[in-house]
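Engineer: What follows is the residue order along each chain.
4 protein chains.
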Amino acid sequence: MQKRNRVTLLITSPEKLGMISTVTNLLLDHKANIVHLDQHTTDPQDGIIFMRVEFEAVDTELQKLEEDLHVLSREHALDFQLSSQEKRKRMAIFVSKSDHCLLELIWRWKSNEIPVDIPLVISNHDDLREVAESHGIPYYHIPLSKERKDEAEQKALELLKGKVDFIVLARYMQILSPNFISKFPNQIINIHHSFLPAFVGANPYVRAFNRGVKLIGATAHYVTNDLDEGPIIEQDVQRINHRYSADGLKIAGRHVEKRVLAEAVSLHAEDKVLVHGNKTIVFK
Amino acid sequence: MQKRNRVTLLITSPEKLGMISTVTNLLLDHKANIVHLDQHTTDPQDGIIFMRVEFEAVDTELQKLEEDLHVLSREHALDFQLSSQEKRKRMAIFVSKSDHCLLELIWRWKSNEIPVDIPLVISNHDDLREVAESHGIPYYHIPLSKERKDEAEQKALELLKGKVDFIVLARYMQILSPNFISKFPNQIINIHHSFLPAFVGANPYVRAFNRGVKLIGATAHYVTNDLDEGPIIEQDVQRINHRYSADGLKIAGRHVEKRVLAEAVSLHAEDKVLVHGNKTIVFK
Amino acid sequence: MQKRNRVTLLITSPEKLGMISTVTNLLLDHKANIVHLDQHTTDPQDGIIFMRVEFEAVDTELQKLEEDLHVLSREHALDFQLSSQEKRKRMAIFVSKSDHCLLELIWRWKSNEIPVDIPLVISNHDDLREVAESHGIPYYHIPLSKERKDEAEQKALELLKGKVDFIVLARYMQILSPNFISKFPNQIINIHHSFLPAFVGANPYVRAFNRGVKLIGATAHYVTNDLDEGPIIEQDVQRINHRYSADGLKIAGRHVEKRVLAEAVSLHAEDKVLVHGNKTIVFK
Amino acid sequence: MQKRNRVTLLITSPEKLGMISTVTNLLLDHKANIVHLDQHTTDPQDGIIFMRVEFEAVDTELQKLEEDLHVLSREHALDFQLSSQEKRKRMAIFVSKSDHCLLELIWRWKSNEIPVDIPLVISNHDDLREVAESHGIPYYHIPLSKERKDEAEQKALELLKGKVDFIVLARYMQILSPNFISKFPNQIINIHHSFLPAFVGANPYVRAFNRGVKLIGATAHYVTNDLDEGPIIEQDVQRINHRYSADGLKIAGRHVEKRVLAEAVSLHAEDKVLVHGNKTIVFK
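Protein chains in written order, with the numbering used here: chain A, 1 to 284; chain B, 1 to 284; chain C, 1 to 284; chain D, 1 to 284.
Please keep in mind that the hints were generated in silico from the structure rather than gathered at the bench.
Warning: the hint list may mix true and false statements.
Since the list can't tell identical chains apart, any single copy or any two copies may satisfy a pair.
Cross-link-like lysine to aspartate or glutamate pairs, in silico, DMTMM-like; alpha carbons within 25 Å at most [unchecked claim]:
hint, residue 1, residue 2
1, 279, 79
2, 161, 126
3, 110, 130
4, 31, 133
5, 284, 43
6, 16, 151
7, 250, 86
8, 250, 56
9, 110, 133
10, 31, 75
11, 16, 61
12, 16, 66
13, 155, 270
14, 149, 15
15, 250, 46
16, 89, 153
17, 89, 56
18, 149, 86
19, 284, 150
20, 183, 113
21, 284, 15
22, 250, 271
23, 87, 247
24, 87, 43
25, 284, 271
26, 31, 46
27, 97, 117
28, 183, 46
29, 110, 247
30, 110, 126
Since the structure is predicted, the reported quantities are computational estimates derived from the model, not experimental observations.
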């Protein structure tokens with residue numbers, strides 16, 4: 001039996017008549033057997049085309065396909081990303097003291113739900129060392145002080161260098177610098193609480209409690225320089241009532257946070273998210 | 001067979017040892033047969049007690065019970081509200097041009113889901129006259145101009161006087177004056193769109209579309225002088241994706257709006273909502 | 001400005017390398033500008049390919065495209081369906097006495113959410129005549145008796161002949177004969193309550209109440225000869241609690257029924273549902 | 001400052017005028033400061049009264065209160081249960097090979113979300129030993145064979161004797177005997193998948209996949225001699241689509257299973273569930 005390799009091609013291209021034919025013909029030339037194809041156009045006149053093609057590469061020489069895609073890219077000013085499932089993405093996890101998101105990610109990873117390698121966990125605290133190490137994941141504690149934040153980030157960048165494809169902030173309670181973010185554009189995923197209505201600023205759970213909200217939510221997004229304002233990947237809510245104390249809200253918040261973050265990480269790891277400006281196209 | 005009348009008693013009282021005994025003993029003295037009792041204390045030391053008691057008044061003389069409740073009220077500085085289901089609440093509906101909320105309310109009312117009378121619909125436009133009148137509800141068109149807003153509100157107040165117990169703003173696109181609101185404290189229910197995160201200001205659906213949100217929601221609340229900031233009665237969300245246009249978001253928004261508003265109106269009509277400061281206790 | 005016509009092409013085909021290229025090339029030859037393309041393969045080796053392509057037909061001659069698709073169909077043993085949005089689908093609604101589903105469908109139709117024409121409503125009762133006629137929809141009352149069911153169905157078929165593309169059973173409480181169903185294969189949509197676990201047989205709401213279920217649901221499906229066992233189009237649930245009486249469950253059931261049915265009708269009307277055996281592929 | 005102890009009283013009683021007064025007066029006599037009271041009557045004429053009272057026992061002598069409750073119980077043929085939060089419930093967990101439910105329970109327990117002690121985990125396999133022991137929970141492997149099932153259950157009963165208050169079957173893939181169940185009436189919680197419609201028998205996920213369901217669910221219930229038919233504590237669903245393989249359905253099923261089971265365990269541990277025949281009253 002021939003070995004089958006599942007490959008994902010993501011394309012972002014200016015709208016152009018025949019673009020889908022062009023891409024699928026190229027794939028056919030390379031003997032790619034398409035399993036799923038999703039395509040979306042923002043505007044059929046002068047919009048942007050988003051495509052996700054998942055194919056089986058039986059006799060496909062991926063390197064040659066990639067070369068042809070580069071030619072296509074130059075010709076049509078399109079962006080593409082080719083990812084083979086044989087080569088798992090490498091994911092770093094940043095944490096502080098809360099373990100709920102970290103544990104959910106580790107569990108889904110060990111259950112083969114999230115197809116990644118986890119080369120390391122980085123934290124500004126030492127609290128979660130055992131959690132990581134007991135699952136065989138190296139843990140690096142990089143203490144942070146306001147004065148020497150640059151230094152700490154530099155240390156993290158050295159640890160990450162050449163080792164990871166994307167970063168998950170699993171309740172990492174520090175703000176990353178624009179310099180750090182620029183090294184991983186649309187490759188850093190964050191989770192934060194969300195409320196209807198929004199409570200911007202300190203102590204959102206206390207303020208949500210004081211307002212008597214009936215739903216609490218969580219939003220997973222890519223990190224940009226605008227704090228908590230990057231492209232949204234996934235969101236969900238949980239129903240609560242007046243019997244929840246402010247602490248009870250936090251607990252309910254943890255449940256929805258870990259679920260939404262893990263879902264967003266799955267979508268990213270499976271190349272189901274395309275970013276366009278400050279929004280995402282998610283093919284799920 | 002004796003006639004059975006279902007009555008609801010709502011109580012808001014400072015925390016005090018024995019308060020529930022006091023109330024249930026009084027009800028027993030008046031031969032009230034308790035069917036449901038919900039009680040919540042914000043803090044057992046010096047908090048507030050909220051109670052909702054639904055009872056069957058077989059041999060209960062409600063007027064005498066009410067007199068005794070007034071005595072209790074003075075003694076313990078508590079607030080109470082006694083509502084007999086024999087006497088349906090009277091609900092006015094304010095609309096502008098959108099019919100989705102109005103139609104949902106009318107349908108639930110005709111299906112005996114919302115136990116109210118609807119003496120009138122008031123609008124700043126004439127568009128929905130037929131909808132109201134075809135269901136036998138008087139419709140009053142009160143045109144609005146910025147200069148003569150007071151006059152219009154005055155007209156509305158005259159129409160409402162002595163005729164209604166609470167008001168529902170079913171996509172009524174005008175801001176009520178503090179004077180108007182003061183006539184119906186915690187008796188005006190509004191519905192508005194909600195997003196995670198919030199988009200304050202103009203064109204929220206367009207901005208939610210531009211941000212690529214994955215959920216859109218609606219919040220029903222009592223109207224206070226802080227626009228859209230009153231006590232929340234009910235909320236819900238609906239999942240959307242990148243295939244929704246800005247118009248598609250508006251359509252999805254209508255569905256969740258009408259559902260949430262109708263649910264909030266039911267809760268209010270059945271005396272299941274107690275307001276405390278800027279939050280609600282909802283016993284459902 | 002040129003007139004733009006949005007057209008949808010649905011394809012079900014045996015798996016074959018290059019099939020997507022073949023289809024998109026054909027569309028390109030006919031100057032079809034693809035806006036959305038969704039494709040799914042059940043198995044990349046010997047499965048079935050499902051495709052939905054939505055395109056703008058600016059200079060496309062649809063009749064010629066259709067001819068070429070017929071050639072393709074014979075060549076590759078594939079099924080296709082070509083639907084132009086210029087030609088709205090014609091939907092008949094069958095009802096009995098409950099109005100909630102009918103009213104929701106009419107409202108969404110009048111709000112331009114469901115792009116169909118409604119040439120007639122047929123009922124085995126006369127109760128909902130006014131609802132239909134007040135919205136300008138002809139209403140036909142065909143009384144039913146066990147003995148003369150065939151005759152009644154025959155009458156309905158005559159009314160429908162050449163006039164409708166699909167039928168919605170909006171709480172129509174009669175079982176259609178295999179003969180009737182065979183005239184509208186995968187073109188009759190039904191809604192029925194669903195519970196976790198299932199309560200098969202009479203009085204499901206009473207039995208769900210007796211079991212104390214926490215969720216009630218609804219399932220919209222295509223009608224086949226296996227009662228309530230046809231391909232599922234859409235499902236949803238609603239949370240309930242012990243305070244709901246058996247009647248309260250029925251009310252909650254109505255809300256979820258009308259929502260799920262209307263959603264399924266939208267999906268069908270927009271050609272987003274492909275049926276394969278006893279299951280559906282829904283591209284939403 | 002006085003030490004405050006939170007105590008929960010559950011009561012199931014035949015309907016009787018004044019019952020709530022009787023109970024709350026007794027509590028007042030014992031200086032119990034009521035924080036929450038929920039009460040529900042199935043029928044105000046000759047139904048059953050369910051009450052949950054949570055109170056602060058500052059100067060309350062619980063033993064004396066219990067004696068008085070026993071008197072009350074004999075007098076009115078009522079059942080009661082008095083649980084002090086100072087004395088945490090002891091929960092045994094039964095597992096087979098799947099770890100998702102076990103891990104979720106352990107995490108919520110370690111996060112102080114589920115107020116119990118976990119004296120032991122029992123399994124018919126040795127696979128999850130490390131998971132339990134790494135969290136300091138003794139793990140007992142009791143191999144099972146069809147011929148000697150009685151013996152294995154006997155062994156389990158000896159391990160549990162006097163040590164646990166309730167049992168959670170966290171994906172325990174064995175059927176307990178009526179004898180075993182009779183030792184823990186309404187004290188064994190199980191989780192199982194649920195579908196709309198139901199798929200009774202083997203391979204439900206494969207059959208749900210073949211039917212193309214749009215929702216998969218999970219039901220947590222008390223174990224009775226009718227397999228998977230005991231009183232329902234909690235249920236929830238998760239939306240899926242045609243892109244989920246049968247394995248993908250199983251993964252989605254795991255997520256909803258662990259969430260629903262953990263929620264049901266919380267409700268039970270906090271004495272929020274009253275069982276009546278084959279249904280539950282859940283005060284949440």
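Engineer: Next step is simple, just say for each hint if it's right about the structure.
Structural biologist: Verification of the supplied hints:
no., hint, verdict
1, 279 / 79, "within (16 Å within a copy, 36 Å between copies)"
2, 161 / 126, "within (22 Å within a copy, 40 Å between copies)"
3, 110 / 130, "both (16 Å within a copy, 14 Å between copies)"
4, 31 / 133, "neither (43 Å within a copy, 51 Å between copies)"
5, 284 / 43, "both (21 Å within a copy, 18 Å between copies)"
6, 16 / 151, "neither (47 Å within a copy, 56 Å between copies)"
7, 250 / 86, "between (39 Å within a copy, 23 Å between copies)"
8, 250 / 56, "between (44 Å within a copy, 24 Å between copies)"
9, 110 / 133, "both (14 Å within a copy, 18 Å between copies)"
10, 31 / 75, "both (22 Å within a copy, 21 Å between copies)"
11, 16 / 61, "between (27 Å within a copy, 20 Å between copies)"
12, 16 / 66, "both (21 Å within a copy, 23 Å between copies)"
13, 155 / 270, "neither (29 Å within a copy, 46 Å between copies)"
14, 149 / 15, "neither (43 Å within a copy, 49 Å between copies)"
15, 250 / 46, "between (45 Å within a copy, 24 Å between copies)"
16, 89 / 153, "within (22 Å within a copy, 46 Å between copies)"
17, 89 / 56, "within (18 Å within a copy, 38 Å between copies)"
18, 149 / 86, "neither (37 Å within a copy, 45 Å between copies)"
19, 284 / 150, "neither (38 Å within a copy, 46 Å between copies)"
20, 183 / 113, "neither (27 Å within a copy, 38 Å between copies)"
21, 284 / 15, "both (22 Å within a copy, 22 Å between copies)"
22, 250 / 271, "between (31 Å within a copy, 21 Å between copies)"
23, 87 / 247, "between (42 Å within a copy, 22 Å between copies)"
24, 87 / 43, "between (34 Å within a copy, 22 Å between copies)"
25, 284 / 271, "both (10 Å within a copy, 19 Å between copies)"
26, 31 / 46, "between (31 Å within a copy, 16 Å between copies)"
27, 97 / 117, "both (22 Å within a copy, 24 Å between copies)"
28, 183 / 46, "neither (31 Å within a copy, 43 Å between copies)"
29, 110 / 247, "between (30 Å within a copy, 16 Å between copies)"
30, 110 / 126, "both (23 Å within a copy, 18 Å between copies)"
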